[in-house]
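**Student:** Construct the complete structure from the given sequences, taking the supplied hints into account.
Residue numbers (this note's numbering), protein chains in the order written: chain A, 5 to 225; chain B, 16 to 368.
It is possible that some hints are incorrect.
Stated by the list, open to error - Only some residues are given here: those of chain A computed to face chain B with a beta carbon under 7 Å:
1. Val173
2. Leu177
3. Gly180
To be clear, the hints were calculated from the coordinates, so they are not data collected in a lab.
We treat Cβ as the ideally placed atom computed from N, Cα and C, and that holds for glycine.
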Amino acid sequence: MNLEKLRIHKAHSRWLEGFFVQNPVLTRGLALPFAIVVTNNLKYGVAVSILMICSLIPCVLLSRLVGQRLPKWPMLMICALLSMVIIMMALPLVTPISAEITDTLGIYIPILSLNSIISFLCLRHRKNQPFLLALVDALTYSGGFALALCLISALRELWGANTIWGIPVTLPLKIGGLQIAFSGFLVTALLSALFRAIERCFRARIYRLSNPSAGKEGSFS
Amino acid sequence: MKLKQAAAPHIRFQESNITIMSDTILLLAVLAGMACFFYGTRALAVCGMAVISAILADAVCVLLRGRKLNPRDLSPVVTGMLIALAMPATISFKIVGAAALFAILIAKHPFGGTGHNPFNPAVAGFSFAAICWPQQVFSYPMPFEKIGMMGQFSDRLQSYVYTIGTAPSVQEIAVKLYQNPVSVLRAHALPSNDLFEMLLGNFPGPMGATNILVILTCLGYLIFRNTVRWQLPVSYLLSCMGIAYLFPRTFAGGTLSVFYEMMSGLLLFGGVFLLTDPVTSPKRESAMLFYGAFAGIITMLFRHHGFYDESLSFAILFANAFVPAIDHYDEMLCRLVRRKHLELRKAKDSQGA
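**Tutor:** Spelled out as structure tokens, the structure:
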């Protein structure tokens, strides 16, 4: 059993894990309220993603810089405060998407300042992690969040309202139920299963390439 | 003594998946035949569409999971037929197909396939259709009205003729669509339908759920064949009747309310075919009694306060979620009773000695 290539793949994928392998929403199940409730429209998905990117990167970097000198609880509070300030400053970035987007998203804008992705990454990079890795993690996790939200919201808008970014699209079926929050759970779960299946297939392929004699069934789990 | 070696299970019940499913299919075929009598061949086409979609989706899922196809597993046929019979005869083929696909692809196989689904797939499929296309799912044609096989109902359903006084806004009428008496009850009014006609199934409603006498006969057959334990449907129907009597939604009093509640919508059909799914119902008979009563209360609560005209499917899904807990506590209760019984017997034995 040759696992060398798998180990190399795992080591390499650590740098970009937040984007696909450990996607914060679809694999780790973080920040689920945003993925489920606000994703009935691609515009909302993009707006929340922009705000998340703007707030997550500075928070993680701050945590990396001052985290060693502070205990956990004030660190989280500082990150939340910083995140809140940045989100308020970044609001003009999302208003061009839609004039009433801040009213429509409502409570989901302020609560974005303390979500599980921010707390997870801030605590993870508080100690003993290279600065570059903290930056890459912040970038890839926010990218992964954006990818998941855009996918979910695009699917829900396309099939639930037969539009994409507000532009009508002709489709054979309009599944209005996709617009309700409960279907956000279903779409997230299905995409999560898809992501996991793709990752498993990819790893299985690497394993089979390095172990050509391994049988097709039961050799890799 | 001659010992015979064989693999487990060594103690078998007479009922198996195939006997339960074939019994149900037989009865659903009777209901489909009645639907064909009332609404023409389109009713059969809708059933066929649902069954074919369910079978194909099931086969694809089984193959994707790396299993072998089991021709003895008739559950997708039952799922398809249940979905179709809970719909009006004018329903679009796309909607029936989508509901069947949802039932198999979302509610059944992600949880492990036949025998492992926590929610009844047919109920989940119907609920999906009810949420996504409520106008089409809750508008019914009159029995014996001519319904074209391939009529573009989904496009022409701009027009509805309501039985509760709303003026018809006619744009283009292919088939006049009416509301089920359950919608009239929801508006706290008394349905104008004759009770005897309702008993015979001569009123607008879901294809398979209006034939009250036939459904009651089906219930008797299922109980006689031991396919369904009597505790479940009886406790369910009794609790529904009790609530309908105590808290009538019409001004005409408890007795009439009971009759109209029981014969309208999917209540009886659901109590006989949807609630009694062996996979999503409790295992012990005492738990079945409790579960049936619980589901009945939830159904009537949803009817009183629900958003949709027919909320039985949501009530069943809600009740399904409690089945593992009911099974767990019932098992604990049974053990407690058994232990107390043993202790009493021991005490008696020691007194006798």
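**Student:** Are the hints correct? Go through all of them and say.
**Tutor:** Hints, one by one, checked against the model:
no. : hint   : verdict
1   : Val173 : violated (17 Å)
2   : Leu177 : holds (6 Å)
3   : Gly180 : holds (5 Å)
In the structure shown, a violation is registered for the earlier hint numbered 1 alone.
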